[in-house]
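Asker: Counted the way mature numbering (1 follows the signal peptide of the UniProt record, and there is no 0) counts, the sequence shown spans residues -20 to -1, 1 to 68.
Do not take every clue at face value.
Stated by the list, open to error - In the DSS-like style, the derived pairs of lysine-lysine whose C-alpha atoms are separated by at most 27 Å in a straight line are: (1) Lys31 - Lys44; (2) Lys31 - Lys55; (3) Lys44 - Lys55.
Unchecked claim - Pair ranges (Cβ atoms, derived): (4) Gly52 - Gly8: 25 to 35 Å; (5) Leu34 - Glu(-2): 37 to 47 Å; (6) Glu47 - Cys11: 13 to 23 Å; (7) Ile7 - Ser46: 16 to 26 Å.
Because the hints were derived from the structure by calculation, they are not lab data. For each residue, glycine too, the CB sits at the ideal point set by N, CA and C.
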Amino acid sequence: MKAVCFALLLLLLACSFGEGLRCNRCIGNGCSNTVETCRIDHDTCAMVIFKYPLPISYFKRCMKMSECMLMGSNKDIDAYCCTTNQCN
């Protein structure tokens, strides 16, 4: 019984230290993508495009889903929010 409890404890610890979401990161026009591992409180990969003022600019990075959705509610911003690795 002790061995089973110990094995379950190890499994829980392994799950809690698993890798987080991985997103493309690119800030500013003309940048090249790098990949970042998101902090635990950032559950979304985002690509945000600012349509106004011109010229158009954008970024890709980790963020909270609530922040991404809020940005997308602005008519001058296109926000693409997704939750799988490097989906942005």
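Asker: Using the C-beta atoms of Ile7 and Ser46, is the stated range 16 to 26 Å upheld?
Answerer: Roughly 20 Å apart at Cβ, these two residues keep to the hinted range, so it holds.
Asker: Could you check the hint for me, namely that Gly52 and Gly8 are 25 to 35 Å apart, CB to CB?
Answerer: violated, 20 Å
Asker: Regarding the pair Lys31 and Lys44, is the alpha-carbon distance no greater than 27 Å?
Answerer: Holds: Lys31 and Lys44 sit about 21 Å apart, inside 27 Å.
Asker: Hinted pair, alpha-carbon criterion (27 Å max): Lys31, Lys55. Please report holds or violated.
Answerer: holds, 9 Å
Asker: Is it true that the CA of Lys44 sits at most 27 Å from the CA of Lys55?
Answerer: holds, 20 Å
Asker: Looking only at beta-carbon atoms, does the pair Leu34, Glu(-2) fall within the given range of 37 to 47 Å?
Answerer: Hint holds: Cβ distance 39 Å, inside 37 to 47 Å.
Asker: Just to be sure I understand the hint, the distance between the Cβ atoms of Glu47 and Cys11 should be within 13 to 23 Å; is that true here?
Answerer: holds, 20 Å
When the structure is compared with the earlier hints, a violation turns up for hint 4 alone.
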